[in-house]
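Visitor: Mapping to the numbering used here: the sequence shown position 37 is 318, numbers consecutive.
Straight-line C-alpha distance at most 20 Å; calculated EDC-like pairs for lysine to aspartate or glutamate:
no.: 1; residue 1: K305; residue 2: E294
no.: 2; residue 1: K284; residue 2: E294
no.: 3; residue 1: K314; residue 2: D304
no.: 4; residue 1: K346; residue 2: E335
Calculated directly from the structure, the hints in this document are not laboratory data.
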Amino acid sequence: MSKLPTVFRSVNESLDEILTAFDKINSIYRSAKQISPMLKQAANLIAEANAAAEQQQVRLSEAMKAARNRSFGGKQGRRTSVRKRRRML
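Take the sequences, apply the hints, and build the full model.
Guide: Right, dumping it as structure tokens:
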């Protein structure tokens, strides 16, 4: 009979620890539920920024291709260097 109060006390403490753990889990769940819309909004903003950056990258690559393909008159418009002009004299 003398062990019975210690067993009850031990069970009571264990149940208190379990209830405390459930309270912590519940508070984490509530805060996650509140944060969830913010995370979704942040994910949408990041996706939009990535899409905009991708479009800008496509525009840049197209502009670079167009600049490479552009003809600048070849050798016709070039002037001879000063050294070559001196040699010709």
